[in-house]
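Protein chains: 2
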Amino acid sequence: MVAGQIPVTKVYEDKYILAFLDIGPVSEGHTLVIPKMHYSRLDRCPVRVVKRIAEVLPVIAGAVAQATKCKGYNLLCNNGRAAGQLVDHLHFHIIPRNEGDKILEGWPAGEYSEGQAEKIAEQIRRNL
Amino acid sequence: MVAGQIPVTKVYEDKYILAFLDIGPVSEGHTLVIPKMHYSRLDRCPVRVVKRIAEVLPVIAGAVAQATKCKGYNLLCNNGRAAGQLVDHLHFHIIPRNEGDKILEGWPAGEYSEGQAEKIAEQIRRNL
Numbered sequence: 360m361v362a363g364q365i366p367v368t369k370v371y372e373d374k375y376i377l378a379f380l381d382i383g384p385v386s387e388g389h390t391l392v393i394p395k396m397h398y399s400r401l402d403r404c405p406v407r408v409v410k411r412i413a414e415v416l417p418v419i420a421g422a423v424a425q426a427t428k429c430k431g432y433n434l435l436c437n438n439g440r441a442a443g444q445l446v447d448h449l450h451f452h453i454i455p456r457n458e459g460d461k462i463l464e465g466w467p468a469g470e471y472s473e474g475q476a477e478k479i480a481e482q483i484r485r486n487l
Numbered sequence: 360m361v362a363g364q365i366p367v368t369k370v371y372e373d374k375y376i377l378a379f380l381d382i383g384p385v386s387e388g389h390t391l392v393i394p395k396m397h398y399s400r401l402d403r404c405p406v407r408v409v410k411r412i413a414e415v416l417p418v419i420a421g422a423v424a425q426a427t428k429c430k431g432y433n434l435l436c437n438n439g440r441a442a443g444q445l446v447d448h449l450h451f452h453i454i455p456r457n458e459g460d461k462i463l464e465g466w467p468a469g470e471y472s473e474g475q476a477e478k479i480a481e482q483i484r485r486n487l
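First to last, the protein sequences are chains Z and P.
Numbers in the working numbering are just positions in the first sequence, counted from 1, shifted up by 359.
Numbers in the working numbering are just positions in the second sequence, counted from 1, shifted up by 359.
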């Protein structure tokens, strides 16, 4: 993804950070924020890189919230298989939430219909 | 808590940040990291403050993992009631996880027995 070999629906990109829509969204606008360099988990990621992620997280989270008109959102970073980390590259989920959706309980991963992801990503980009 | 009026079991403190054991732990060593200044949610927190949190998060997360010997951990920040935020002061959960514990599904908040919290906090502090 970082090398541009797997197509992703980008929401934000700079020299160090990439943000894109999760391809198995648990809610519309479910976004992943990752460092371009490879680190497996938070406690193995240098502070300078975590700070770069921190610089963009509030802005991207706000844009996702604005774009999806959600009532709230979770920032979630799973570290290790036991914590639900399925891909060994540090990533932060931004998960739009609405009352009673029980998303963390069930992790109801879905799929976007054709064109839907790009439309949502465009809304998020406009709110950055 | 920040003013020292509610007793907490501290894990880490500096000029800007406080980390302490959650009083309703979903697993042993469940830790909260908060900015001392009041911000309700991530997208309303200035970038400089999020960067200060980012500076300590990897270290505290690593110390919690070492101290509890967990197999993994979640970093979770709930924003808004719909996302499960119960206290309107920005806070990051560090939740030690083990295989099959289904903690995010059920949020099995418990209590520490007398002396147990201080013992765990001391282990975390030693691993900082």
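It is possible that part of the hints are untrue.
It does not matter which identical chain is meant; a pair holds if it fits inside one copy or across any two.
Stated by the list, open to error - Straight-line distance between alpha carbons at most 20 Å, and here's what the computed SDA-like set of lysine to any residue pairs gives:
id	residue 1	residue 2
1	369	486
2	461	414
3	369	386
4	461	484
5	478	366
The set of hints was computed from the structure by calculation and includes no laboratory data.
As the structure is a computational prediction, the values presented were derived from the model and not from experiment.
To see whether the hints hold, each was checked on the structure:
1. 369 x 486: within (14 Å within a copy, 38 Å between copies)
2. 461 x 414: neither (29 Å within a copy, 31 Å between copies)
3. 369 x 386: within (17 Å within a copy, 35 Å between copies)
4. 461 x 484: neither (27 Å within a copy, 34 Å between copies)
5. 478 x 366: Intra 16 Å, inter 48 Å, cutoff 20 Å: intra-copy only.
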